[in-house]
Amino acid sequence: CDSTRRETRLHEVYCGWLPAPSFTCSLFPGSKNFFILTWWSADDLNAISRELENIALPSEIHRKFRKLDDIKYWKGSEYSSFLHYASLVILQDRLSPEAYNHFMLFFCAVTILSSKFYKRLWSVAGQMLKHFVADFAKIYGEGYC
Numbered sequence: 001c002d003s004t005r006r007e008t009r010l011h012e013v014y015c016g017w018l019p020a021p022s023f024t025c026s027l028f029p030g031s032k033n034f035f036i037l038t039w040w041s042a043d044d045l046n047a048i049s050r051e052l053e054n055i056a057l058p059s060e061i062h063r064k065f066r067k068l069d070d071i072k073y074w075k076g077s078e079y080s081s082f083l084h085y086a087s088l089v090i091l092q093d094r095l096s097p098e099a100y101n102h103f104m105l106f107f108c109a110v111t112i113l114s115s116k117f118y119k120r121l122w123s124v125a126g127q128m129l130k131h132f133v134a135d136f137a138k139i140y141g142e143g144y145c
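If you read the sequence shown in the UniProt record's numbering, its first letter stands for residue 1, the second for the next number, and so on.
Keep in mind the hints are simulated off the structure, nothing from the lab. Be careful, since some hints might not be right.
[Claimed, not checked] Dumping the calculated DSBU-like pairs for lysine-lysine here, alpha-carbon to alpha-carbon at most 35 Å:
1. Lys72 with Lys138
2. Lys72 with Lys116
3. Lys138 with Lys116
4. Lys72 with Lys130
5. Lys64 with Lys119
6. Lys75 with Lys130
7. Lys116 with Lys67
8. Lys75 with Lys138
9. Lys72 with Lys119
10. Lys116 with Lys64
11. Lys64 with Lys130
12. Lys119 with Lys75
13. Lys67 with Lys130
14. Lys75 with Lys116
15. Lys130 with Lys119
16. Lys119 with Lys138
17. Lys138 with Lys67
18. Lys116 with Lys130
19. Lys75 with Lys64
[Unchecked claim] Pairwise CB distance ranges, derived in the manner of DEER restraints:
20. Arg66 with Asp43: 16 to 24 Å
21. Tyr79 with Phe136: 32 to 40 Å
22. Gly141 with Ser59: 26 to 34 Å
23. Asp43 with Asp70: 34 to 42 Å
24. Lys130 with Asp43: 14 to 22 Å
25. Glu53 with Ser123: 18 to 26 Å
26. Gly141 with Asp44: 29 to 37 Å
27. Lys64 with Trp122: 14 to 22 Å
Beta carbons: idealized from backbone N, C-alpha and C, even for Gly.
Start from the sequences and build out the full structure, keeping to the hints where you can.
In structure tokens:
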């Protein structure tokens, strides 16, 4: 549909302007009850946990990732590091293209809103978040709203 194409273009255009992490890594977040964890098998979750524990983070990140079994103990800095440094790579191969593009709306909006440098794009980020919320049930199902 046109809405999905427009959202995809938004994340391609605006995320293309954002600085990429200077290293490659893989992994995935949530909380103990976060619905996305239910999408994967136990083997997938174990593989993700191993990737999390082995990621080399930039020197300014002081807390290493813990495995998904410990996600209920993650600190805000771990969620932030996941979002900003690891989520793009780990989620790309683990979510459907539709769900990944939806996640990219959130990622790009948060990244834009995280810096005054992108202040001229804050209204665009607001629109991206509106699309993210409006399409949540369509992507993940009514039970997750």
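- Please name the hints from earlier in the document that this structure breaks, with their numbers sorted from lowest to highest. 21, 22, 23, 24, 25, 26 and 27
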